[in-house]
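Please model the entire structure based on the sequences and the hints provided.
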Amino acid sequence: MTDLLEIALSNAAMATALAVLAAVVCRVYRRSAFAHGVWLVVLVKLVTPPLVTVPLPWFAEPADEVVVPAFLMLDRAAPAVNLLVDQARNPAVEPFDAVAAEDAATHGSLSSWKLPIVIVWLTGSVCVLAWMARSIVRFRRLLRFARPAEGVVEEITAELARRLKLARHPEVCLVPGTVSPMLWGLGARPRVLLPVELLPRLDREQLRTIILHELAHWQRRDHWVRPLEMVVTALYWWHPAVWWARAELREAEEQCCDAWVIATIEGAERAYALALLETVAFLSRTRVPLPVSASGIGQVSHLRRRLTMIMTGHKRRSLTWAGCAALLAIGLLALPLLPIRAQQADKKELRGVINLQVDGGAGSFEILLGGDGAPDKEAIELLKRALKLLAEKQQVKPLPNKQAKAQREEAENLVQAVGMLEAQAAEQRRKLAETQAKLARARERLAQLKGGPGGGAMPMHLELKLAPDGTAKKAIILGTPAKKIEIPRNLILKIVDGKITGIDARKAAPSPDELRARLDRLLREVEELRRAIPANPTPKQ
Amino acid sequence: MAGREQLPPRVTDGEWAVLQLLWERGSASIRELARALYPSGGASEYATVHKFLERLEGKGCVRRQRRGGVYLFKASVARDDIIGRELTALVDKMGGGSLQPLLTNLVRAKGITTDELRDLLKLVDDLDARKRPRKPTV
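Respectively, the protein sequence lines represent chains A and B.
So the first sequence is numbered by my numbering: it starts at 1 and just counts up by one.
So the second sequence is numbered by my numbering: it starts at 1 and just counts up by one.
No lab work stands behind these hints: they were computed from the structure.
Some clues are possibly wrong.
Under the rule of at most 25 Å between Cα atoms (straight-line distance), these lysine to aspartate or glutamate pairs were calculated in the DMTMM-like manner [claimed, not checked]:
1) B:K74 x B:E54
2) B:K93 x A:E251
3) B:K93 x A:E197
4) B:K131 x A:E197
5) B:K122 x A:D203
6) B:K122 x A:E150
7) A:K165 x A:E154
8) B:K93 x A:E229
9) B:K59 x B:D80
10) B:K93 x A:E278
11) B:K51 x B:E32
12) A:K431 x A:D520
Partial selection, computed: residues in chain A whose CB lies under 8 Å from chain B [unchecked claim]:
13) S135
14) F145
15) V175
16) T178
17) S180
18) L183
19) Q219
20) D222
21) H223
22) R270
23) S301
24) L303
25) R304
26) L332
27) L333
28) Q428
As the structure is a computational prediction, the values presented were derived from the model and not from experiment.
Just so you know, even glycine gets a beta-carbon here, dropped at the ideal spot from N, CA and C.
Encoded structure:
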């Protein structure tokens, strides 16, 4: 599809150049038959597939350089260039066959700018074709009511056919309506159509010239050009050169047939010119007389030129051999060519012989061609696109605004939470120190009780209530008076054979409620502290 | 455009088919027309033909007459008038305007004024006179 689009666009460009050339040539060499041939070449060019590609050296693209990012390795062994991601240098990127991905991207579907063009183009073509098909169907339906000509018209036709040495000739039919005499060639058999109402306005000589004009069209096979025009118009409906070529072609055709008429019938110039004017008058009759400003100046000047040529022009009916040769040369030169930019010329042969040279340490590569050192346009293009793809794939930042904001907030929250936890830890440490101090005091008292000045050791029982996990939750000191001591939750008494062998302090896992309460406390504290700090700590002095 | 009013009206494809039958048969009832146009049709096809006939009647292309309880329709425009009109319009579109790939016309000029015609005639005469000093009588 992409290739077709490129060929079509290239043909369109070539046809434009040819059309300009044709206009110049026809201005210099004023022969209708030659002009007809040249303009025909313009149309044919548009639907000729290019056979020979011609590199245009003066239109070459500047040499390309591709800088390969450091994280990429180029696989030299492969016949095509393979891009691999260097895991060591950039472990974040997965290995990725960029060329394959690019191939899939370009060959699987049309690249983004081409797709709308193709859609609009094809839609237009379908519309033009539909319009043509509808017109043809309706025209043929109306033609069913055309009556074969009899009498004078038939006589004249037979006589002219003999004079032109035609083995057979198209049927001449009479049709109603205000239409021009014409040759209808789209269908099984071509027919010359004459409007019934025109006949009474022409004398016999004038009628002869007009029928002869139509037979000349048939003899020249002008009706064969119509399908070509239709196809080209449907394909290149947007191309001004098509419409230009068609208008010029039509004018050349008419001038050629005019030349046939005045060459075939001696001294018929005046009769023919008047017949044309009579036809024009007939065609204009049913029209509302147009205001002068809206009158067809172009039409009149066209008619004026045509009439002048009929009255004064030369009578050569067809091309001279020199004209034929010139046309043939133009056709042979222009038709099969496909001009392309020079670098693309030999891409088929050059593929796969790409050398890579490491450029001094910067991690960039220069891509050179094996043979003469000219860069391979296709490979470079491929590489460029592959690199772009990779870069896109690799790029994580910048994040979209919203996401970035969310992340910033999250980070702030984390910092805050850590701060709070630290504060909590300090609090815990302070409490622990307090408890330890209390415990030390308790031990002191215990020692005093044991070996105190009273001498008599006071028997003391420490009854411990053990929790299922072997830690003591409560201790009861039996004596006088018996005393119950609550063991703080964060103290663990190690008991072996009923004796306390050690005390451990631990950070008890605080319950969620406790935590919340503690957090609240902390928050209040922080709030108070903040209030205590002056809002503007830098004094003015 | 004032001049267009004298011209026969344009007809659609469906109306055209009905008119064609009327030209062939002279006159026909709705039922006959419906059967001819839609051999396997039913009530809706009948209604379609009825609609075509009403539109054609509105355009002045058909007339109806009551014959023994049914309406008989008859074309009231000449076939050549309608064909000529359609052909003219079609050729104008296909061959006269900018879209002209379908026809090989003798001349394309339309809407030429009398003054312009007179001017062109004079041109022919002048050229003729220059070519042949002894001007032939027309």
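Now for the hints, and whether the structure bears them out:
1. Among the hinted pairs, K74 of chain B with E54 of chain B is consistent with the structure: their alpha-carbon atoms are about 12 Å apart, no more than 25 Å.
2. At most 25 Å may separate the alpha-carbon atoms for a hinted pair to count; K93 of chain B and E251 of chain A meet this at roughly 18 Å.
3. A threshold of 25 Å between alpha carbons decides the hint, and for K93 of chain B with E197 of chain A the separation of about 20 Å falls inside it, so the pair holds.
4. Distance check on the hinted pair: K131 of chain B and E197 of chain A sit about 32 Å apart at the alpha-carbon level, beyond 25 Å; violated.
5. Of the supplied pair hints, the one linking K122 of chain B and D203 of chain A holds, its CA atoms being roughly 20 Å apart against a limit of 25 Å.
6. Between K122 of chain B and E150 of chain A the CA atoms are separated by roughly 34 Å; this puts the pair beyond 25 Å, and the hint is violated.
7. For the hint pairing K165 of chain A with E154 of chain A, the CA-to-CA distance comes to about 16 Å; that is within 25 Å, so the pair holds.
8. Only pairs whose Cα atoms come within 25 Å are accepted, and K93 of chain B paired with E229 of chain A is accepted, the gap being roughly 16 Å.
9. Distance hint between K59 of chain B and D80 of chain B is fulfilled; the C-alpha atoms sit about 16 Å from each other, no more than 25 Å.
10. Of the pairs offered as hints, the one joining K93 of chain B and E278 of chain A holds, with about 22 Å between alpha carbons and a cut-off of 25 Å not exceeded.
11. Between K51 of chain B and E32 of chain B the alpha-carbon distance is near 15 Å, which keeps this suggested pair within the 25 Å criterion.
12. With a C-alpha separation of about 18 Å, the suggested pairing of K431 of chain A with D520 of chain A holds against the 25 Å cut-off.
13. With a cut of 8 Å, the hint placing S135 of chain A at the interface with chain B holds, because the nearest CB-to-CB distance is about 5 Å.
14. Interface restraint check for F145 of chain A: the shortest CB-CB distance to chain B comes to about 5 Å, inside 8 Å, so the restraint holds.
15. Among the interface hints, the one on V175 of chain A holds; its C-beta lies about 6 Å from the nearest C-beta in chain B, closer than the 8 Å criterion.
16. Among the interface hints, the one on T178 of chain A holds; its C-beta lies about 5 Å from the nearest C-beta in chain B, closer than the 8 Å criterion.
17. Restraint check, S180 of chain A versus chain B: the minimum CB separation of about 4 Å is within 8 Å; hint holds.
18. With 8 Å as the threshold, the beta carbon of L183 of chain A comes within range of chain B, its nearest partner Cβ sitting at about 4 Å, so the hint holds.
19. At about 12 Å, the closest approach between the beta carbon of Q219 of chain A and any beta carbon in chain B exceeds 8 Å, and the interface hint on this residue is violated.
20. Residue-level restraint check for D222 of chain A holds (minimum Cβ-Cβ distance to chain B is 5 Å; threshold 8 Å).
21. For H223 of chain A, the shortest C-beta to C-beta distance to chain B is roughly 6 Å, which falls under 8 Å, so the interface hint holds.
22. Hint on R270 of chain A holds. Least Cβ distance to chain B is approximately 5 Å, under the 8 Å limit.
23. The interface hint given for S301 of chain A is violated, since its Cβ lies 10 Å from the closest Cβ of chain B, which is over the 8 Å cut-off.
24. For L303 of chain A, the shortest C-beta to C-beta distance to chain B is roughly 5 Å, which falls under 8 Å, so the interface hint holds.
25. At about 6 Å, the closest approach between the beta carbon of R304 of chain A and any beta carbon in chain B falls short of 8 Å, and the interface hint on this residue holds.
26. Among the interface hints, the one on L332 of chain A is violated; its C-beta lies about 26 Å from the nearest C-beta in chain B, farther than the 8 Å criterion.
27. Evaluation of the L333 of chain A hint against chain B yields a violated restraint, the C-beta minimum of about 26 Å exceeding 8 Å.
28. Taking 8 Å as the C-beta cut-off, the interface hint given for Q428 of chain A is violated, the closest approach to chain B being about 91 Å.
Hints 4, 6, 19, 23, 26, 27, 28, counting from the list given before, are not met by this structure.
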